[in-house]
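Single-letter residue listing:
Protein chains: 2
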Amino acid sequence: MAKDPSHINPELPEKGQRLLTADAYVEGILSGDRYMLSRAITIVESRAEKYRKVAIEILDRCMPRAGNSIRVGITGVPGVGKSSFIEKLGLHVIEKGKRLAVLAIDPSSRISKGAILGDKTRMEKLSARASAFIRPSATGHSLGGVARKTRESIILCEAAGFDVVFVETVGVGQSETAVSHMVDFFLLLVLAGAGDELQGIKRGIMELADAIVINKADGKNLENAEKARMAYLRALQLFPPKESGWSPPVMTASALSGLHLPRLWDAVEAYRKHTQENKYWEARRKEQLRQWLHESFEDLIYQRLHDDEALNRQMKQLENEVIQARLSAAGAASLLFKSWVEGLHGKG
Amino acid sequence: MAKDPSHINPELPEKGQRLLTADAYVEGILSGDRYMLSRAITIVESRAEKYRKVAIEILDRCMPRAGNSIRVGITGVPGVGKSSFIEKLGLHVIEKGKRLAVLAIDPSSRISKGAILGDKTRMEKLSARASAFIRPSATGHSLGGVARKTRESIILCEAAGFDVVFVETVGVGQSETAVSHMVDFFLLLVLAGAGDELQGIKRGIMELADAIVINKADGKNLENAEKARMAYLRALQLFPPKESGWSPPVMTASALSGLHLPRLWDAVEAYRKHTQENKYWEARRKEQLRQWLHESFEDLIYQRLHDDEALNRQMKQLENEVIQARLSAAGAASLLFKSWVEGLHGKG
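As they're listed, the protein sequences go chains A and B. No gaps in the numbering here: position 170 of the first sequence is 170 in my numbering, and each next residue is one more. Numbering-wise, my numbering comes out as the position in the second sequence, counting from 1, plus 1000.
Honestly, the hints are just simulated from the structure, not real lab data. Just so you know, these numbers come straight off a predicted model, no measurement behind them. Incorrect hints may appear among the rest.
Unchecked claim - Below are the DSSO-like pairs computed for lysine-lysine, each with C-alpha atoms no more than 27 Å apart in a straight line:
id : chain 1 : residue 1 : chain 2 : residue 2
1  : B       : 1242      : B       : 1227
2  : B       : 1098      : B       : 1286
3  : A       : 279       : B       : 1316
4  : B       : 1286      : A       : 316
5  : A       : 242       : A       : 286
6  : A       : 98        : A       : 338
7  : A       : 242       : A       : 220
8  : B       : 1338      : A       : 50
9  : B       : 1053      : A       : 338
10 : A       : 316       : B       : 1279
11 : A       : 316       : B       : 1053
12 : B       : 1316      : A       : 53
13 : B       : 1338      : A       : 338
Please construct the entire structure, taking both the sequences and the accompanying hints into account.
This is how it looks when you write it as structure tokens:
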């Protein structure tokens, strides 16, 4: 029980556990050990300075073994039935002989032990499977931070041999964009509504979608779902063609009955084939890596500034000087920068 | 002719001119010399490293003499008649015995000599007045940069004794928000349209307004303008009360006939009185200064990163390493940060 990765609280890295060498984690990951993978993700997700060196070593050594999965982002507003859908689609994927990792991003709430157990309950059947790994992402202080960590978790999962990675995100504005930048295929789950079928769907998110799925197409809802499908299909026609050359399918599906889930997975595989043939796949992956480096660098600078107590103290003093009109903001910024750099150098 | 500040190209700081000491610029500014003010703004706006020290000294020494104007942001979509409106309102303000500086922000286009002459032509009567100073802002590489520079220009104008500062911005999304953060009073100019009166007005911008003016309310347009006024009035009632406790007036006006311009200026003065009495004025100014410091610091870091050629070369190399999966983004970011700090220290 203690070794069930679902029970490790990502807020408390390695609590009561010895920090192992990077070698030990990497060996565990490469041999497909889910427990060591989970511990390594906890270390990589931690913002703590003392884990930084080991975290980077783990990542650097996993990089050459990563990149071999298909990464699928899945989004939709709360209530759309993401968890049941992911579980059912996930079971189908596993039955096709794949190993599946599910990572969840939720920048809007902090993950408590309760939530992790909740997740476990929500995907009970999937989490019982040896070929599945389910992991909610530790929340960060910024969406950028969460996104960077999720990218890093993808790397570790791929190095551990998972050949399909689902990244789940809650339908709240910016997180979709962040997720779409780290996946190959972006899936939008929607519900057939009573009124205006497209209400609540921001144009920006529909544009990102590589497939739109009208979920809960079962029982009395089947007819409405089909109507919604036509409405989304018409709406999609208003968008310009995608750079990938891919025309996003719009389909109904049901996590309850399993309707169209195999067809949806076939579409994901068809997307991979299509974009690998036209070279979009590779070009996009390269651009994502480039972007990831720039974001990691900015994030690192932000983190260093944020964590620098001497800097924060000086900032408070200089705010006061500027408010009292004894100094200009430009002058104060210049002083701050100078002592920050000196402080950094002092720390080696 | 050569001493007309309108003819100095802000893209070429001090071209063919000796860089004076900070003393000389500050003396000129404090004595209200518009030519020296213009040269100093050019230096402060420059991103060039060689002007940085003098620029900061000028700003630091002007700060204690700044802050005594009322800062009015004026925005509206192209075609709304901003220039004629500003000229006419400006002439009214000058006739009330004020000294007026007009700064323009336009992040969407680069300022050419032509544009400056164009500006001069557009506000011919105002620019001929000894109590007026008209200055388009040099364009920056980022909106943040432009905004920071405009704040700095406000400081210099105030130190030069201008007691009213207009900041003009083109109605293109983010620039309004940036301007609203550096002014006391934010004025939205709109036109009466034929169809939906509120079309094209983003909720975000209406919320920022301390007054909405339906411009070109003259001739055949008077009736439409009055209808638009009622529509905006109704729309404003949907917003929550403003933190300032001020209820934004909605009025028709005409730069052509001068209709309601004195009444509008009375409203600006009433706003100052109202917010100085309820202490919002002072609290907001303080918060703006605090914000200005944080933005200046971020901007300085961004500028240092952007200008660092060795860093940019190393970034290109490491991008390649990451794309080839020889290194993780986190690992590469860490290497970059380390050598950036070393490089900064080397430069002293």
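> CA of residue 1053/B to CA of residue 338/A, is that 27 Å or under?
Replying inline: 13 Å, holds
>> For a C-alpha distance cap of 27 Å, please report whether residue 242/A and residue 286/A respect it.
In response: 18 Å, holds
>> Hint check: residue 316/A vs residue 1279/B, CA-CA at most 27 Å. Holds or violated?
In response: This hinted pair holds, its Cα atoms lying about 22 Å apart.
> Going straight from one Cα to the other, do residue 279/A and residue 1316/B come out at no more than 27 Å?
Replying inline: 22 Å, holds
> Are the Cα atoms of residue 1338/B and residue 338/A separated by 27 Å or less?
Replying inline: Judged against 27 Å, a Cα distance of about 16 Å means the pair holds.
> Taking 27 Å as the top limit, are the C-alpha atoms of residue 1316/B and residue 53/A close enough?
Replying inline: With a Cα-Cα distance of about 23 Å, the restraint between residue 1316/B and residue 53/A holds, given a limit of 27 Å.
>> Check whether the Cα positions of residue 1098/B and residue 1286/B lie no farther apart than 27 Å.
In response: Holds, at roughly 25 Å.
> Has the given pair, residue 1286/B with residue 316/A, been kept, meaning a C-alpha gap of at most 27 Å?
Replying inline: This hinted pair holds, its Cα atoms lying about 13 Å apart.
>> Hint check: residue 1338/B vs residue 50/A, CA-CA at most 27 Å. Holds or violated?
In response: 17 Å, holds
>> Just to be careful, I want the Cα atoms of residue 1242/B and residue 1227/B compared with a cutoff of 27 Å; is the pair within it?
In response: 24 Å, holds
> Taken at face value, is the distance from the CA of residue 338/A to the CA of residue 98/A at most 27 Å?
Replying inline: Violated: residue 98/A and residue 338/A sit about 53 Å apart, past 27 Å.
> CA of residue 316/A to CA of residue 1053/B, is that 27 Å or under?
Replying inline: Measuring from Cα to Cα gives roughly 23 Å; hence the hint holds.
Hint check: violations occur at hints 6 and 7; the rest are consistent with the structure.
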